[in-house]
Each structure stands twice: as structure tokens, then as C-alpha cells.
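Undergrad: Model the placement of chains B and C on the given structure of chain A, informed by the hints.
In the order they appear, the protein sequences are chains A, B and C.
Numbered per the UniProt record's numbering, the first sequence spans residues 1 to 98.
Numbered per the UniProt record's numbering, the second sequence spans residues 1 to 124.
Numbered per the UniProt record's numbering, the third sequence spans residues 1 to 100.
Honestly, the hints are just simulated from the structure, not real lab data.
Bear in mind that the values here come from a model prediction, so they are computed numbers and not experimental data.
Yeah, the Cβ is synthetic: ideal placement off N, Cα and C, and Gly gets one too.
Don't take every hint at face value.
Below, computed lysine-lysine pairings styled on PhoX-like, alpha-carbon distance capped at 20 Å [unchecked claim]:
| no. | chain 1 | residue 1 | chain 2 | residue 2 |
| --- | --- | --- | --- | --- |
| 1 | A | 91 | C | 8 |
| 2 | A | 94 | B | 20 |
| 3 | A | 89 | B | 55 |
| 4 | A | 94 | C | 20 |
| 5 | A | 91 | C | 24 |
| 6 | C | 24 | A | 94 |
| 7 | B | 20 | C | 20 |
| 8 | A | 89 | C | 72 |
| 9 | A | 41 | C | 54 |
| 10 | C | 54 | A | 10 |
| 11 | A | 41 | B | 67 |
| 12 | C | 72 | C | 8 |
| 13 | B | 67 | C | 54 |
With the Cβ distance kept under 10 Å, some of the chain B side facing chain A (calculated, not the full set) [what the hints assert, rightly or not]:
| no. | residue |
| --- | --- |
| 14 | 10 |
| 15 | 15 |
| 16 | 45 |
| 17 | 49 |
| 18 | 66 |
| 19 | 72 |
| 20 | 73 |
| 21 | 74 |
| 22 | 79 |
Spelled out from the first residue to the last, the chains are:
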Amino acid sequence: MSSLKPYLQKNVKVITVDGRLFLGMLEGFDNNTNIVISSAKERVFFKDRPTEDMEMGLCIVRGNEVVAICDYDEEEEAVTDYTNIHAEKLKDTKNSLI
Amino acid sequence: MLPLFLLNSVKGQPIMVELKRGETLNGTLTNCDSWMNITMKDIVVSDAHGENFYKLKSTYVKGIHIKYITMSNDLIDKFREEQLKEREYYRHRNNGGNNYQRRGNRRNYNGNQRYGGHSNRSQA
Amino acid sequence: MLFFSFFKTLVDQEITVELKNDVKITGTLRSIDQFLNIKLDNIETDVEKYPHFKAARSIFIRGSAIRYIHLKPNTVDTNLLQDASRREAMASSGEKIAGR
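Same shape as in the complex, but just chain A (with noise of 0.2 Å):
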């Protein structure tokens, strides 16, 4: 089984079907890759401005909406300065056909 709980009480990140970055620590999921990140942040990048984290609190976030989960190295994160990172918004990962 590849379940979440090594994820537990970790700083993670997600990214979600509408291609959106949130940050935060895991502090719980479900079968349907509910999950729920406290001190969550959303990161947006953009290509001609800096990069912006928005506060949200906690959030519950539905398993539909998760694409990936994915742990990070606490110290690079640290020494990285996302201000002049600049990026393209990622893309939904949606069936246009539907």
C-alpha cells in the first residue's frame, strides 16, 4: 500500500488538479486522498512578477482535487528565494473532452 502516513507531521507540498502549488504540514488524510494541511500557504508564480505566498490557514483540501504530494529538503527550501523564481502556472491536469 502507498499510503500517506510517512507524510505525517511533514512539511509538504501539493499540487492540485487546477495546476495550484499549496504548502503545509500534513496533518491528516482518508482513503480518497482527503487531506488536511495546517499553516497552509499558496504559492503562485508567475513569469514577469515575484512570487507571492498567500496564508490559508487550515485546509481540508478534497482527494478529486490532490494530484501529488510530495516531501522536501527542509534546508534547500530554506535557502531558496522563490521572489525571482519565475514560472508558467502549471496546467489543470482535467480531461478537456469532459
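TA: Just chains B and C now, kept in the frame of chain A:
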């Protein structure tokens, strides 16, 4: 911590719900179920672009249309406390049960000595 | 269930997962479940293009977001896979007849 458990425990608290199509609903959670269908009251709705706002007295949202639900970060501490209390309560109850059983075993053991292996067999 | 079993035989192999948002992630397959959710370790992606994945070490990918899984040819026994597919097809058609 199960997401739906958390949702259940924040009834009566202000939450923000974003729907699949991008609308956001700011209001107080009144009820929820195991499909994440929720009812809310005193809601301010904004459209996907955050341009138009309107108020609703109460609403029902089917869980399948929800993208995510956010709330104050303090609520997690409250939730943890509640869970701890609950766990303590159950441990207390279970311990009570265990003690009772232990006492029972001791009685059996005594019985063993007296009646010779009778309850030993039943234990196996 | 066949592909669940199939992917279980690929644990510890290096695979590349292509998501429906065109992101390709390479890593060591750590585990898989019945929804084909996948966990990868030591992941590599195009971090220049997708800084979203910067500093990421391991990743859980929801099966529903996966478009392709690229495998190394030498890690797959195609004959065995064909056999298993036939057997499963037989079994399910047998079930259908029995069900009638």
C-alpha cells in the same frame, strides 16, 4: 486525523469554501456529512474572479463540488485538545475494563489452584 | 487488479511518470496501491521549468492524475504480462457466464 473528523469538529466555526468552478463561500459551517456535503449560514459568496459579491442566509453545498475548505489555523489546536480528551476518556474506560479483566484472571488463577487446571483449558 | 500486481513487480525500479499536466517525474518506485497511486523516491524533474518541485525528495502521485508511466523495456516480461492478461480475461468471462 481524518479530514472529515476535523470538519465535523468545526461545526459552528467560520470557514471558507472554494468550489470547483472557483466561487468562494465565506460563512459559518452548520452541518456536514460523510460525503463532505455541507450546510452553511450567513454566507458571502464571491464569483471566480472576486468581482461580484452577494449574501446568502443559508446554503447547502454538495461535497463533490468542493475544491477545498479553509479555516483558522487555531482550530487545529482545539481539535487536537478535543481528540486528546476523547482518547483519555476511552483509555480510562478501557483501562477500567482491563482492570476488571485482570481481576477476573486473578480469580481464575485462584480458581486454578483450587480446582486444578479447569480455567487453564478454557484460556487456551 | 492485474496492473496493481504488475506494478508491484516493478518496485525499486526507476520509472518515469508523466502527469496529465505534462510534468514528467523520474524516480525509484517505492510503492503502489489498488488505485495505482504511486510513491517515488529520489525524484528528478525539470525544476527550472517547474520550480514547484524544487527541493522535493519523494512524492506521492494520485493515480487519477497519471497519463503515462514510462518503463525500461528490460524490466518488463511481456510474455508473462500477456499470459496474465489472458488469464484475467478468461476468469472474468467465466464469472460472467456463471453470473448468468
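Undergrad: Now, for every hint given, state plainly whether the structure supports it.
TA: Hints and how they fare:
Under the criterion of a C-alpha separation no larger than 20 Å, the hint pairing residue 91 of chain A with residue 8 of chain C is inconsistent with the structure, at around 30 Å. Proposed proximity of residue 94 of chain A and residue 20 of chain B is supported: the alpha carbons are some 11 Å apart, at most 20 Å. A C-alpha spacing of about 32 Å is found between residue 89 of chain A and residue 55 of chain B, which places the hinted pair above 20 Å, so the restraint is violated. Using a Cα cut-off of 20 Å, the hinted pair residue 94 of chain A and residue 20 of chain C holds, with the two alpha carbons roughly 8 Å apart.
Note on residue 91 of chain A and residue 24 of chain C: the hinted pairing holds, with a Cα-Cα distance of about 13 Å set against a maximum of 20 Å. A hinted pair counts as satisfied when its Cα atoms are at most 20 Å apart, and residue 24 of chain C with residue 94 of chain A qualifies at roughly 16 Å. Only pairs whose Cα atoms come within 20 Å are accepted, and residue 20 of chain B paired with residue 20 of chain C is accepted, the gap being roughly 18 Å. With a C-alpha separation of about 31 Å, the suggested pair residue 89 of chain A and residue 72 of chain C falls outside the 20 Å cut-off, and the hint is violated.
Of the supplied pair hints, the one linking residue 41 of chain A and residue 54 of chain C holds, its CA atoms being roughly 16 Å apart against a limit of 20 Å. The straight-line distance between the Cα atoms of residue 54 of chain C and residue 10 of chain A is roughly 16 Å, inside the 20 Å bound, and the hint therefore holds. Distance restraint check for residue 41 of chain A and residue 67 of chain B: the Cα-Cα separation of roughly 15 Å lies within the 20 Å cut-off, and the hinted pair is therefore satisfied. With a CA separation close to 15 Å, the supplied pair residue 72 of chain C and residue 8 of chain C stays within the 20 Å bound.
Simply put, residue 67 of chain B and residue 54 of chain C have alpha-carbon atoms about 25 Å apart, too far for the 20 Å limit, and the pair is violated. Of the supplied interface hints, the one on residue 10 of chain B holds, with its beta-carbon coming within about 9 Å of a beta-carbon of chain A, less than 10 Å. With 10 Å as the threshold, the beta carbon of residue 15 of chain B comes within range of chain A, its nearest partner Cβ sitting at about 9 Å, so the hint holds. Nearest Cβ of chain A to the Cβ of residue 45 of chain B: about 18 Å, over the 10 Å cut. The hint is violated.
With 10 Å as the threshold, the beta carbon of residue 49 of chain B stays out of range of chain A, its nearest partner Cβ sitting at about 15 Å, so the hint is violated. The closest approach between the C-beta of residue 66 of chain B and any C-beta of chain A is roughly 5 Å, which is under the 10 Å cut-off, so the hint is satisfied. For residue 72 of chain B, the shortest C-beta to C-beta distance to chain A is roughly 5 Å, which falls under 10 Å, so the interface hint holds. For the restraint placing residue 73 of chain B at the interface with chain A, the shortest Cβ-Cβ distance is roughly 4 Å, inside the 10 Å limit, so the hint holds.
Interface hint status for residue 74 of chain B: upheld, as the beta-carbon distance to the closest one in chain A is roughly 8 Å, under 10 Å. The criterion of a C-beta within 10 Å of any C-beta in chain A is met by residue 79 of chain B, whose closest approach is roughly 9 Å, and the hint holds.
When each numbered hint is compared with the structure, violations occur for hints 1, 3, 8, 13, 16, 17.
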